[in-house]
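Visitor: Single-letter residue listing:
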Amino acid sequence: MIDPKKFILSDRSLDINEILTQDEIFHLIARQLVSAGVATDETFLVNQLREREKLGSTGVGYGIALPHFIGDNINQPAALIVRLKHPVPWNSIDNEPVKLIVCLVAPEKERNLYLSLLAEIARSLNTPQLRTAALTAQNAASAARIIATPPHQNFLKRNRRLILFFGLVALIFIGAGSILSHISLPAAGIYQELGYLRFNEPEWILRQQLTITLFLAMVIGTLLFWRFRVAIAAAALGTLLIAGVMDLEHTVKFMSIPTILFIMSMMVIVRWLQNIGVFRFIVLKAIEQVKGIPWLLLLLLMAFSVILGGFADEVSAILVTFGLALEVSRRTKAPLVPFLLSLVFATNVGSALTLVGNPIGVYIAFAGGLSFEDFLRWATPVSAITAIIVALLCLILYRRHFFNTRYHLDVQQLEKTAGNIDPIKLRVGLITFFIIIILIALHRRFEVWLGLSDGTALVASALAVTGFIVFYEQEKGRVLVERGIDWWTLLFFMFLFANAACLEYTGVTTKLGYLLLNFAEKIAGTNNCSLTLPAALSFLWISGILSGFVDNLPIVAALAPVVKDLIRIGLPHASILWWALLFGGCFGGNLTVIGSTANLVAVGAFERASGRHIRFREWFKFGIIITAVTLIISSIAIFCQINLAP
Amino acid sequence: MFDRILYIISEKQEEKEIVMNFARRHNSTVLVSGLSPLDGCPPPRTEGATRQAVRAENYERQCWRSIYWVEEELKQSGIRASVIAHLTTLDNLQFLANSTHCDLIILPVSILADHDYHLPEELLPNLPCPILLINNS
Numbered sequence: 001m002i003d004p005k006k007f008i009l010s011d012r013s014l015d016i017n018e019i020l021t022q023d024e025i026f027h028l029i030a031r032q033l034v035s036a037g038v039a040t041d042e043t044f045l046v047n048q049l050r051e052r053e054k055l056g057s058t059g060v061g062y063g064i065a066l067p068h069f070i071g072d073n074i075n076q077p078a079a080l081i082v083r084l085k086h087p088v089p090w091n092s093i094d095n096e097p098v099k100l101i102v103c104l105v106a107p108e109k110e111r112n113l114y115l116s117l118l119a120e121i122a123r124s125l126n127t128p129q130l131r132t133a134a135l136t137a138q139n140a141a142s143a144a145r146i147i148a149t150p151p152h153q154n155f156l157k158r159n160r161r162l163i164l165f166f167g168l169v170a171l172i173f174i175g176a177g178s179i180l181s182h183i184s185l186p187a188a189g190i191y192q193e194l195g196y197l198r199f200n201e202p203e204w205i206l207r208q209q210l211t212i213t214l215f216l217a218m219v220i221g222t223l224l225f226w227r228f229r230v231a232i233a234a235a236a237l238g239t240l241l242i243a244g245v246m247d248l249e250h251t252v253k254f255m256s257i258p259t260i261l262f263i264m265s266m267m268v269i270v271r272w273l274q275n276i277g278v279f280r281f282i283v284l285k286a287i288e289q290v291k292g293i294p295w296l297l298l299l300l301l302m303a304f305s306v307i308l309g310g311f312a313d314e315v316s317a318i319l320v321t322f323g324l325a326l327e328v329s330r331r332t333k334a335p336l337v338p339f340l341l342s343l344v345f346a347t348n349v350g351s352a353l354t355l356v357g358n359p360i361g362v363y364i365a366f367a368g369g370l371s372f373e374d375f376l377r378w379a380t381p382v383s384a385i386t387a388i389i390v391a392l393l394c395l396i397l398y399r400r401h402f403f404n405t406r407y408h409l410d411v412q413q414l415e416k417t418a419g420n421i422d423p424i425k426l427r428v429g430l431i432t433f434f435i436i437i438i439l440i441a442l443h444r445r446f447e448v449w450l451g452l453s454d455g456t457a458l459v460a461s462a463l464a465v466t467g468f469i470v471f472y473e474q475e476k477g478r479v480l481v482e483r484g485i486d487w488w489t490l491l492f493f494m495f496l497f498a499n500a501a502c503l504e505y506t507g508v509t510t511k512l513g514y515l516l517l518n519f520a521e522k523i524a525g526t527n528n529c530s531l532t533l534p535a536a537l538s539f540l541w542i543s544g545i546l547s548g549f550v551d552n553l554p555i556v557a558a559l560a561p562v563v564k565d566l567i568r569i570g571l572p573h574a575s576i577l578w579w580a581l582l583f584g585g586c587f588g589g590n591l592t593v594i595g596s597t598a599n600l601v602a603v604g605a606f607e608r609a610s611g612r613h614i615r616f617r618e619w620f621k622f623g624i625i626i627t628a629v630t631l632i633i634s635s636i637a638i639f640c641q642i643n644l645a646p
Numbered sequence: 001m002f003d004r005i006l007y008i009i010s011e012k013q014e015e016k017e018i019v020m021n022f023a024r025r026h027n028s029t030v031l032v033s034g035l036s037p038l039d040g041c042p043p044p045r046t047e048g049a050t051r052q053a054v055r056a057e058n059y060e061r062q063c064w065r066s067i068y069w070v071e072e073e074l075k076q077s078g079i080r081a082s083v084i085a086h087l088t089t090l091d092n093l094q095f096l097a098n099s100t101h102c103d104l105i106i107l108p109v110s111i112l113a114d115h116d117y118h119l120p121e122e123l124l125p126n127l128p129c130p131i132l133l134i135n136n137s
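Those protein sequences? They're chains A and L, same order as listed.
Residues in the first sequence are numbered consecutively from 1, following our numbering.
Residues in the second sequence are numbered consecutively from 1, following our numbering.
In silico BS3-like pairs for lysine-lysine, Cα to Cα no more than 30 angstroms straight-line:
#  : chain 1 : residue 1 : chain 2 : residue 2
1  : A       : Lys-109   : A       : Lys-54
2  : A       : Lys-6     : A       : Lys-85
3  : A       : Lys-333   : A       : Lys-285
4  : A       : Lys-291   : A       : Lys-425
5  : A       : Lys-285   : A       : Lys-476
6  : A       : Lys-5     : A       : Lys-109
7  : A       : Lys-99    : L       : Lys-75
8  : L       : Lys-75    : A       : Lys-109
9  : A       : Lys-6     : L       : Lys-75
10 : A       : Lys-333   : A       : Lys-621
11 : A       : Lys-99    : A       : Lys-6
12 : A       : Lys-564   : A       : Lys-522
13 : A       : Lys-425   : A       : Lys-285
14 : L       : Lys-75    : A       : Lys-54
15 : L       : Lys-75    : A       : Lys-5
Treat the hints as calculated values from the structure; they're not laboratory data.
Just chain L, with the same shape it has in the complex:
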């Protein structure tokens, strides 16, 4: 039923157990991605970057580490998993869902904290697949 699951990881990663159980039950392939830092992220290893840009760069580095860590965990548990070449934004989620032909999006609630726990207004009616919000608590 859910052949391809798009999993947007959070910093906490505790939700991965839920995703793993879900993927195992449905024999799904998990496509792993993360949320991009909002704006002003410089290309890698820039010189003289501002403090904000450095913060964004560190966040992005951490995000990629987490993505590959989750991918390793999934693969070690025998779950098919792939990583997407770029990070996404909530506004761009529909684009990503369409381009990856996924059947379900799994989104940890914690990553919505910076967005007042709101999804973009026009996202839900236009998504090609259901979205599952998960909360480790």
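The shape of chain A in the complex, shown without the other chains:
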């Protein structure tokens, strides 16, 4: 391995404060190399640098240039670092002007060494941290030192995330132990009647301590090591089983198989509808009507984001609508960021429209025994009003991009990008989409008519339609099931649900509910009726803010048993808490770029298409406004309707 330190002329590094041209910089570099004894002929060096530049820019991007050559007139391999106060145009790959130059020269006989040295320097500059450190170093000599000897990463530095993780887990374990030992459920009243007093016993407190620690370890683990979320959730569940906190029978029961079956079936249905172009067809038909008026186009795409987000799923919604926005932007040069943010905001708001829009809606429906019609009564109006306000807000925030201009849109061209759509399949798809919506919408009525338990018709409808699709697609059906279902995510959901239900099983959520009621009592007095409002608002804002930073499903899965407990102990109008949880979980996803799956999918597509990144701050400055407004609207809706809730 070559040590670049030996070849970088750190003491001869140049800091240039004047405004110079590329050619003047070449002269300075040549003079410096000659004075260092690397070469004897200054003119030869300048000519070589010019010639090489003509054969392709040495600007490698990020404001860095790496001019290099081998020649017989060079005495020894050497690298010179130059820092420019005023960046110079260099015809770089990314068109960025250059502010850091690493010039490398070597004699012909040292070709091997020259290539190795280039590789080492390129490796250093390939590392974002080192690149930034070199670009922001105090002077050229410091930059030279950074490139020559990048900071070594010792064991602690390399494993800092793992150490942070285990440190936090240890802290949680100790903290949970001391807090739980101080929380005792009152030895009379409803808690005694429901047999919850066992949760005050030391054996159960130890179980609670373990459960909280492992659940939060799973949440923190998924945040720090997202790729390993299934492994972390599985390990947490395994630990709970080995420690005897929960038995196998309960574990399987808590995995909420009906919820998983429903999500799985919907994944197949939505993927199929998406593949045969049903969603795209519907949106394109509507785009024909807007006649290239930008603000109308934005409103239309947002409306479809809301509708598809509510009736299909958030990921399909954003793929279809933002996919079309990308096509529109490519053809009209319309700015992409306003489309990206507006459509994601609309999708997240729309995912609270019905129970199928978001996995948290499905989870809440099964956990609370709520029907599609309950969602239509309690979630749809709030979500729809919020979506309208968000749309108007987006138009105001991005008014300069959408007014006083017009796009020349050829819808037929847009249709071509969708590829060949089979008209027969499209017809079958549209009918199937309509049927599944009807079946889901009427599932509670079917259950009542047929004397089935809650949720049975919901799962059965989705399974039946999935069966039809697989049968209809024949050979392709198997591929659809294999690829259309996100098995990794489903497995994570199963482990997550079991981990979260263990919080209820060990009495953690009962104690959390008790604490919440105490907190509400301090705010609202001892009147039971007025306790529900502060509790609901706490659920809404806590789940809303946390969902911006952590996956919303673990938050909802952890809080859902608290709602169940509060309903069980007889808190009046407590069913409103389900809706608080739903709105918080869905709307909070708008807060940050990592707030929901739709955000990540859209940002990924944006970055691939535009070749630039969305910064956290760029998202957050709009995300915080939208999240605050949507949570305030939800708070008002909860306040106005609380007395109507069962």
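Based on these hints, arrange chain L on the given structure of chain A.
Guide: Quick look at chain L alone, frame taken from chain A:
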């Protein structure tokens, strides 16, 4: 027609003749890059790296050597060539193609070996330019 060609080199490099002929015929500038080692590649010259990380580090070092070797060969043949500051992944190819404004991507088939000779599903429909797969055999 193909002013800027993005050439992702393979370990074998035998395909470079094809690329050189192609670039010469179209008077193109070749932007040279390579595939990044999958994961866990440490910053340069770390201490106490694991065996896997060392392997990734060596691969990356070799990759950069090859990139500059190809660049030298191209320039010596009078073909305009530039090196991109970072290695890429197949998933990130669309991003790279967009940010470099290239008109064609040339990809040796051999680098797809680790990916079961499949390109990422969503790559092809979203690329801003055509992709040319080449096989030296």
